[in-house]
Amino acid sequence: MIRFGIIGTNKITDWFLQSAALVKDFKLNAVYSRTEERAREFAEKYEVENTFTDLEEMAKSDLIDAVYIASPNSFHASQSILFLNNKKHVLCEKPIASNSKELKAMIDAAKGNGVLLMEAMKSTFLPNFIAVRDNLHKIGKIRRVVMSYCQYSSRYDLYKDGKNPNTFNPEFSNGSLMDIGVYCVYPVIALFGRPREIKANAVMLESGVDGEGSILLKYDDMDAVIMHSKITNSFLPSEIQGEDGNIIIDKVPLFKKVRIEYRNGDVEDLTRSHLEHDMWYEIEEFINLIKNNKLESSTNTYRLALDVMEVMDEARNQVGPLFPADQF
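Going by UniProt numbering, the sequence shown opens with residue 1, and the numbers climb by one from there.
By construction, these hints were calculated from the structure, which means they are not laboratory data.
Please note that the accuracy of each hint is not assured.
The calculated BS3-like cross-link candidates involving lysine-lysine, where the alpha carbons are at most 25 angstroms apart (straight line), are [to be verified]:
id : residue 1 : residue 2
1  : LYS27     : LYS87
2  : LYS291    : LYS101
3  : LYS163    : LYS11
4  : LYS111    : LYS294
5  : LYS291    : LYS87
6  : LYS24     : LYS45
7  : LYS141    : LYS251
8  : LYS294    : LYS60
9  : LYS256    : LYS11
10 : LYS294    : LYS101
11 : LYS141    : LYS257
Listed next, with one range per pair, are the computed distances between beta-carbon atoms [stated by the list, open to error]:
id : residue 1 : residue 2 : range
12 : GLY162    : LYS291    : 47 to 53 angstroms
13 : GLU37     : GLU197    : 47 to 53 angstroms
14 : LYS199    : GLY265    : 30 to 36 angstroms
15 : GLU261    : GLU41     : 47 to 53 angstroms
16 : GLU37     : SER78     : 22 to 28 angstroms
17 : ARG303    : LEU216    : 21 to 27 angstroms
18 : ASP157    : ASN264    : 43 to 49 angstroms
19 : GLU243    : GLU44     : 54 to 60 angstroms
Virtual Cβ for every residue (Gly too), placed ideally from N, Cα, C.
All chains should be modelled from the sequences, with the hints used to inform the complete structure.
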């Protein structure tokens, strides 16, 4: 049994715990919040006895073996390093850090302390992502990838009303690319590796974050187009275009349905069944790694996480946003 603490008492944490309830070796044993009231409220919801309002105290505690971090992006690095330095395994929400410098420091802390660090990017573990990966050869020479994830944020109306929600505040290393676009960048890099050229565009909001944007990734014999937004919706599927056919992906990052439409008109359904609580796959991976004394995922590797972060660093360097955390 792996005893977890959680940082972050939000809807993402609720989704995480709904999935974790299906993992037999997961035990929620501690909850952190900045206020005792909120920590206790969340702990009672999940029948947990132990609460913390002091992160250092939690990190030093012998009540937990690992921590799941779902705090705002700007806190990911410092909180992860604190727990890694206290010999706790860390599963950190995407994006794992504000920038690649922070991520390198996190990786150094994990290696130096002999513990596991993994980015909680579920897409690469999903059965239908694996179906895409396993069937790429069927569509011939790949020439273009189009990944689209545009989702109107529930907080955008608050922003337009003059409020200052965290999701549109650069102090928290937020914005469309970090919160939405990463779900497009990650599978592209996972499938095709690091590009040789990057060209980015963005629509910047007055708060200093990007509301929407696009990135063109250039490879030797193909390109990838990424479209992301927190201020508009899109109902377009994503697509991998080969010379012999196209793989159509419904709803990145969920990979709900995938199919091949061949150039000759044939259609092949690649969709595999998967759990509704689909964070199960990343949690199962993380716990199995700990149980087998593995210090790095072979799927969400450090190299993959760094390549993704460095692509996003370059995109932000070209058009913004820039974060206080970039002074790290």
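Each hint, compared with the structure:
no.: 1; hint: LYS27 to LYS87; verdict: holds, 18 angstroms
no.: 2; hint: LYS291 to LYS101; verdict: violated, 29 angstroms
no.: 3; hint: LYS163 to LYS11; verdict: holds, 20 angstroms
no.: 4; hint: LYS111 to LYS294; verdict: holds, 11 angstroms
no.: 5; hint: LYS291 to LYS87; verdict: holds, 15 angstroms
no.: 6; hint: LYS24 to LYS45; verdict: holds, 19 angstroms
no.: 7; hint: LYS141 to LYS251; verdict: holds, 24 angstroms
no.: 8; hint: LYS294 to LYS60; verdict: holds, 22 angstroms
no.: 9; hint: LYS256 to LYS11; verdict: holds, 21 angstroms
no.: 10; hint: LYS294 to LYS101; verdict: holds, 24 angstroms
no.: 11; hint: LYS141 to LYS257; verdict: holds, 22 angstroms
no.: 12; hint: GLY162 to LYS291: 47 to 53 angstroms; verdict: holds, 50 angstroms
no.: 13; hint: GLU37 to GLU197: 47 to 53 angstroms; verdict: holds, 51 angstroms
no.: 14; hint: LYS199 to GLY265: 30 to 36 angstroms; verdict: holds, 34 angstroms
no.: 15; hint: GLU261 to GLU41: 47 to 53 angstroms; verdict: holds, 49 angstroms
no.: 16; hint: GLU37 to SER78: 22 to 28 angstroms; verdict: holds, 24 angstroms
no.: 17; hint: ARG303 to LEU216: 21 to 27 angstroms; verdict: holds, 23 angstroms
no.: 18; hint: ASP157 to ASN264: 43 to 49 angstroms; verdict: holds, 47 angstroms
no.: 19; hint: GLU243 to GLU44: 54 to 60 angstroms; verdict: holds, 58 angstroms
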